[in-house]
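Enquirer: Same order as they appear, the protein sequences are chains V and A. The opening residue of the first sequence carries number 21 in the working numbering; numbering runs sequentially from there. The opening residue of the second sequence carries number 21 in the working numbering; numbering runs sequentially from there.
Don't read these hints as lab results, they were simulated from the structure. Heads up, a few of these hints could be off.
Derived list of chain V stretches under chain A, where covered just means 3 residues or more per stretch with a C-beta under 8 Å from a C-beta of chain A [to be verified]:
| hint | segment |
| --- | --- |
| 1 | 197-207 |
| 2 | 216-223 |
| 3 | 227-239 |
| 4 | 260-267 |
| 5 | 271-281 |
Just so you know, even glycine gets a beta-carbon here, dropped at the ideal spot from N, CA and C.
Given next are the chains, with one letter for each unit.
Number of protein chains: 2
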Amino acid sequence: MKALFIPFLLTACALCADPLPSWNDTDAKERIITFVETVTDPASPDYVPPEERIATFDNDGTLWSEQPMYFQLFFLFDRVKALAPQHPEWETQEPFASALKGDYTQALAGGDKAIMELAMATHAGMSASDYADEVRAWIKTAQHPEKHVAYTDFVFQPMLELLAYLRAEGFKTYIVSGGGVDFMRVFTEEVYGVPPGQVVGSELKVQYELRDGVPVIIKQPALDFIDDKQGKPAGIYQHIGRRPVFAAGNSDGDQQMLEHTTIPRNNADKSARLGVLVHHDDAEREWAYDRKSHFGHLDTALDTAPGRGWLVH
Amino acid sequence: MKALFIPFLLTACALCADPLPSWNDTDAKERIITFVETVTDPASPDYVPPEERIATFDNDGTLWSEQPMYFQLFFLFDRVKALAPQHPEWETQEPFASALKGDYTQALAGGDKAIMELAMATHAGMSASDYADEVRAWIKTAQHPEKHVAYTDFVFQPMLELLAYLRAEGFKTYIVSGGGVDFMRVFTEEVYGVPPGQVVGSELKVQYELRDGVPVIIKQPALDFIDDKQGKPAGIYQHIGRRPVFAAGNSDGDQQMLEHTTIPRNNADKSARLGVLVHHDDAEREWAYDRKSHFGHLDTALDTAPGRGWLVH
């Protein structure tokens, strides 16, 4: 995809001549528009009634950038730095020690386990509303270390147009991402037009209690759900309860979501479905990466795409 | 509440003279209408923008009946009977043996553990789509053993009017129930006008896989989440991501949801909120029960209601 970083603009272009003005690949644009016109045309055999028009989007690398690492990791590292004075032990304890030195590669050498450790150490035991306040304050002020723009300005204009176009055509748009659900919810409505109830993500367990008579939701030091790979169709089932007719992703972590969306269930299942894979090929304006990238690793899904008829763009 | 069992009818009465014609308690009706008019009036200090108009409803005992036991239990027992020929060991093994004899009280003597055992034995390992087909077939044909009507005709007309009225006033209506989420989703859209993505319930874990190249979601023999008591605010957090401004329930299992909805978070939090407790007092047309009932036990929530300003009806 040729990426464009125009500060966020939600465009509802159902009535415009061109609902996807930033899509400069006319084949891709035509394929999407033909799909949408087909499933919304009551006279078409592929007509999908409005209540079944479910569209799911990955976030990292699909709606906004994910290089040089997932943006939520910058948030975690910034929290580690902010909390370090209260944790002198972190100076020698990994992954915190490397995080404090700014050596993020080393800090993340432990993979998902290291990320979970950072998340738990910085946020378990916090109330959900304090956590949301923290994310809100951070996302308003933090800047991407290389591009020097706010992270929420680092969203892809073509995808914003696609979200708005689908909604104007009666689709309900969902985010289905490996990112933390309560991290994303702070900004998805303003940035993407996707309300909190339409965000599916990874979750820590939470507990409700009354503290001094006041209700609080407390983030627990336990993982509840990882919304990645096989987890994405599972999350879609538990949260949306309907099979999408459209899904967009950009990595192997999205392969199962696109399969779940597009593979016919039996010979009689001829319903129109569209899977889209965003392929990052614009090194000038963003980054070019796929099979060798640690974040947004795109390998088996890229090989699978042609056979499944997914639009790679 | 005076219950009315008029076969289901979704009434959008925003423009009618009376949006709640079945509410024969004029005080209760007025209180609800005043609340809705206040939070939807842009000139009111209590104005709530449409995206924050979240209303949550318990299901069993709030939207439909729950006597002599939760309707989903009738489904489970019917499944036990249907599957019994493949399980000769059930003839002597509890809770199945009692279930097969029709002694439901004895079958449920083990409480939640017995219910989980029945659910696992009848449905773990099934695909989600087979499960939905089974629920769909059952709910179309099964009849309430005492009232001899379909379970979906055993819904409360005043609550259908309330759901429709809130939606007509820009609310998003959710079901937040201890019932199985994928059991309820089969009928909530048709019966209540609540789409699958707005149903929060108890969950078994699920797993996504490809079987012979075809995607399936398989129900696992493991509990994922119980959406009752403290679980309800937790489920609201994970699924909706927003604090409701309106909540309705009928039992102690709903107390935390009503507290979460209505208790101010601090001295500055003066937002208008409404909690409603359905009190079953109509032994003629439904059942009268509260503190001594096993299903829909209403005791501490009833004591809590006056102090919290909840509408008991």
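Enquirer: All hints, please: hold or fail.
Expert: How the hints compare with the structure:
Residues of the segment 197-207 of chain V with a Cβ under 8 Å from some Cβ of chain A number 3, which satisfies the need for three, so the listed coverage holds. Counting residues of the segment 216-223 of chain V whose C-beta sits closer than 8 Å to any C-beta of chain A gives 5, which meets the bar of three, so the coverage hint holds. With a threshold of 8 Å between beta carbons, the proposed coverage of the segment 227-239 of chain V by chain A holds, since 8 of its residues qualify and at least three are required. With a threshold of 8 Å between beta carbons, the proposed coverage of the segment 260-267 of chain V by chain A holds, since 3 of its residues qualify and at least three are required.
Given as covered by chain A, the segment 271-281 of chain V passes the check, having 3 residues with a CB less than 8 Å from a CB of that chain where 3 are the minimum.
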